[in-house]
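Novice: Residues in the sequence shown are numbered consecutively from 20, following the numbering used here.
Each hint should be verified, as a subset may be incorrect.
Below 25 angstroms or equal to it, Euclidean Cα-Cα: the simulated BS3-like pairs (lysine-lysine) are [to be verified]:
| hint | residue 1 | residue 2 |
| --- | --- | --- |
| 1 | Lys132 | Lys145 |
| 2 | Lys323 | Lys313 |
| 3 | Lys116 | Lys145 |
| 4 | Lys54 | Lys132 |
| 5 | Lys251 | Lys232 |
| 6 | Lys116 | Lys132 |
| 7 | Lys313 | Lys43 |
| 8 | Lys132 | Lys313 |
| 9 | Lys208 | Lys188 |
| 10 | Lys55 | Lys111 |
For each label pair, taking beta carbons as the anchor points, the in silico distance ranges come out as [stated by the list, open to error]:
| hint | residue 1 | residue 2 | range |
| --- | --- | --- | --- |
| 11 | Tyr191 | Lys300 | 15 to 21 angstroms |
| 12 | Lys327 | Ile154 | 35 to 41 angstroms |
| 13 | Glu34 | His308 | 43 to 49 angstroms |
| 14 | His308 | Ser37 | 44 to 50 angstroms |
| 15 | Gly84 | Lys232 | 23 to 29 angstroms |
| 16 | Phe148 | Glu40 | 16 to 22 angstroms |
| 17 | His308 | Ser263 | 34 to 40 angstroms |
| 18 | Tyr310 | Leu206 | 22 to 28 angstroms |
| 19 | Met330 | Gly122 | 38 to 44 angstroms |
| 20 | Glu40 | His308 | 28 to 34 angstroms |
FYI, nobody ran anything at the bench for these hints, they're computed from the structure. We put the CB at the ideal spot given by N, CA and C, even for glycine.
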Amino acid sequence: MTSKTAKLVKIYRTEDTSVSEILKEAVANANLRGKKRIFIKPNLSHPEYLPGVVTDPELTSELIGLLRNQNSEVIVGESNGFNYPCWSAFDKTGMQKAVEKAGGTVINLSEDKVVEVKFNSNTSIKRLFLPKTIIDANAVIDLPLMKTHEFMAYSGAIKNLFGCIPSNKRIYLHPYLPEVFYRLYTLFKPSLTIMDARIGIEGNGPTKGKPVKMNLMLTSTDALALDIVAAKTMKLNWKETYLSYIARKTGLQETDIKEEGVPVSAVAHHFELPHIDLPVKVQIIIYQHEYLTKMLFCSLDIVKLFQKITMTYRGKSIEVA
Numbered sequence: 020m021t022s023k024t025a026k027l028v029k030i031y032r033t034e035d036t037s038v039s040e041i042l043k044e045a046v047a048n049a050n051l052r053g054k055k056r057i058f059i060k061p062n063l064s065h066p067e068y069l070p071g072v073v074t075d076p077e078l079t080s081e082l083i084g085l086l087r088n089q090n091s092e093v094i095v096g097e098s099n100g101f102n103y104p105c106w107s108a109f110d111k112t113g114m115q116k117a118v119e120k121a122g123g124t125v126i127n128l129s130e131d132k133v134v135e136v137k138f139n140s141n142t143s144i145k146r147l148f149l150p151k152t153i154i155d156a157n158a159v160i161d162l163p164l165m166k167t168h169e170f171m172a173y174s175g176a177i178k179n180l181f182g183c184i185p186s187n188k189r190i191y192l193h194p195y196l197p198e199v200f201y202r203l204y205t206l207f208k209p210s211l212t213i214m215d216a217r218i219g220i221e222g223n224g225p226t227k228g229k230p231v232k233m234n235l236m237l238t239s240t241d242a243l244a245l246d247i248v249a250a251k252t253m254k255l256n257w258k259e260t261y262l263s264y265i266a267r268k269t270g271l272q273e274t275d276i277k278e279e280g281v282p283v284s285a286v287a288h289h290f291e292l293p294h295i296d297l298p299v300k301v302q303i304i305i306y307q308h309e310y311l312t313k314m315l316f317c318s319l320d321i322v323k324l325f326q327k328i329t330m331t332y333r334g335k336s337i338e339v340a
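Assemble the whole structure, with the sequences as input and the hints as a guide.
Specialist: Structure representation (structure tokens):
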């Protein structure tokens, strides 16, 4: 029996319900009317638009149009990637043009003022430096995608918040990601999460995987609940991912989640897991150690060298196979 405090997650088939109707219903149910400033976090994990890899600019534009009818200001933000600037991604994906057309503004979080947030914690994460724009926002909206992740198995709503950390050296936080994700989730408290799963990514996501046509969208006012339902839809064991850590810290149990709309059982698809070859194994080992990460990812030149070695290795592997 579902408790009164159940976290609602709704699954839509986009063949049955239009994206416009899904967005209208999600906004109406999220109690966003009258907010002075709303911050939207898209997923711009690639410098060019690829369906399933990057948040759809047109969907973002339509969402902003709905929000601007009820609220003062809508800001869409992302931070610099390790090897490409955020402004380049805003331009080449078409996100900046779509946002401004709808009356919103874009911000490079790597250029924003930062606020030091300290934690009384017995973990290694004692503080984070976070963008003032998000800290000051009256509501946060999360626009993730349904993807696997070659280092973490699953990439979703809470993982998408990691891109809010303004320094491109956030890679140094990889040894502590479950705790970092927990802190971002509880600090930002997204008022609405909309996962565009019309196209999912399986295999070596979040950027190098294979597209899967799912024709789904998931919405919720709780990002963790949505992530758990999304992982189940992908036939991944969420309890073997970082989601289990966050659920344990927050006390959320699967029985606290109420699924609405299309049943998971009717749309679940087995997503191919990442292929953990030698380069991925090496990076996973590196990411487990803070100082090793800092030493080996201290410059873009070293990263490019590692990428070149990886491409050469994988090329040879394909030839041998």
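Novice: Output the indices of the hints that this structure fails to meet, ascending.
Specialist: 3, 7, 10, 16, 17, 20
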